[in-house]
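> Quick note, the sequences are listed as chains A and B, same order.
For the first sequence, counting from 1, position 102 maps to 102 in UniProt numbering; every step adds exactly one.
For the second sequence, counting from 1, position 127 maps to 127 in UniProt numbering; every step adds exactly one.
Everything labelled a hint here was simulated from the structure, so no lab data went into it.
Any given hint might turn out to be false.
Since the list gives no way to pick out one identical chain from another, each pair is judged satisfied if it fits inside one copy or across any two copies.
Stated by the list, open to error - In silico SDA-like cross-links for lysine to any residue, where the CA-CA straight-line distance does not exceed 20 Å:
#1 Lys192 / Gly166
#2 Lys192 / Arg125
#3 Lys192 / Pro59
#4 Lys192 / Thr134
#5 Lys192 / Ser162
#6 Lys192 / Ala182
Predicted model, so just to flag it, every value in this text is computed and none were measured.
Here are the chains, one letter per residue:
2 protein chains.
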Amino acid sequence: MDIAIPLYDRFTALDAIGPYEVLSRLPGAQVHWIGHEARPYATDRGLRVVADATLEELPHPDVVVVPGGTGTVSLLEDERLLDWIRTAHETSQWTTSVCTGSLLLGAAGMLEGLRATSHFLYLDRLATFGAQVTDQRVIEQGRIITAAGVSSGIDMALHLASRIAGETIAQAIQLVIEYDPAPPFDAGHPAKVDPEIVELVRRRARVPA
Amino acid sequence: MDIAIPLYDRFTALDAIGPYEVLSRLPGAQVHWIGHEARPYATDRGLRVVADATLEELPHPDVVVVPGGTGTVSLLEDERLLDWIRTAHETSQWTTSVCTGSLLLGAAGMLEGLRATSHFLYLDRLATFGAQVTDQRVIEQGRIITAAGVSSGIDMALHLASRIAGETIAQAIQLVIEYDPAPPFDAGHPAKVDPEIVELVRRRARVPA
């Protein structure tokens, strides 16, 4: 099973690494890191991660995971990437996104009329592509799964792992990565925190309300 | 605030990326990826991540995060790395580990008599360094924080973020990465799953019971 994760400059590391840490443990799975060029790509916070092949070297993966990041919005007219996503989706078993990665699925014309999600700051933008946006954490619609912001990719990938390989394998993967979350706060959703914190996040991300 | 994450071949990506995604968002923080050499390091599942500097170029970071991985056990007598950890800890505000990263703190002689944790498959090994092992997810002992397997680094880092910058900033970071976990199973701790799944994980990891 070939799993493709397309990289681009200013992607968000955890968007990609969360699903990778889960899906790479599926029996027979191989994760391919690809990009416009085979080179290191800088995340939106400085770390560099290496793409080993070009998009065109892997036109027909079985699973696609499109990560988000602050670089996403400058790629919404990047026809080379959008064409790759469309072509890959023609034959993929599953096409998925994390965070603003769903904007790329939307820009590729794949979310028209479907329920879908994204980072909470970008739900309005996602709606411009004809998606029925919700703030659900993981949404499966046919062969397409979209997930909410950044860390939601771990939940999405465990859901996908159980679809692909069954519950026993998915639970074994959850155990080996010891995903037994215990955050010190219950602050991971805008409805759960003080509105001032939502405003702080919105201002720092420079996304208009 | 200089945050150092030492890399080595066959580290586990999420061990490092989870804390990075949290701590890099602290006001004034800069994360430094370092290693024996400034070069890409291969994770234990193939992905390559770039270290931009050598260990010696950053002898006195404010925060140290030591990730684990299948490569850890071959470094327990690597005096260059252990010396770097000891020296960094002399002046750091916080010295932390995720997963089997705690074995390196132990090998550096820093956990003698302290409560500490690691990946559940390596708690016995951790005890050989004189630590009082527990399976608590995040354990703070003075300036040292150890965390359980792989994904626990996210919880550890949010805890640390609140120590460094206060609860409002920590909650804002939790919100921006939308860490509102919703795994499809409750299978992230060995006490929570069927014993057969624990055995499956143990066999695949090739760690004797």
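> State for each hint whether it applies.
We went through each hint and held it up to the structure:
{"no.": "1", "hint": "Lys192 / Gly166", "result": "between (32 Å within a copy, 18 Å between copies)"}
{"no.": "2", "hint": "Lys192 / Arg125", "result": "neither (22 Å within a copy, 40 Å between copies)"}
{"no.": "3", "hint": "Lys192 / Pro59", "result": "neither (41 Å within a copy, 40 Å between copies)"}
{"no.": "4", "hint": "Lys192 / Thr134", "result": "within (16 Å within a copy, 31 Å between copies)"}
{"no.": "5", "hint": "Lys192 / Ser162", "result": "between (28 Å within a copy, 17 Å between copies)"}
{"no.": "6", "hint": "Lys192 / Ala182", "result": "both (16 Å within a copy, 14 Å between copies)"}
Hints 2 and 3, counting from the list given before, are not met by this structure.
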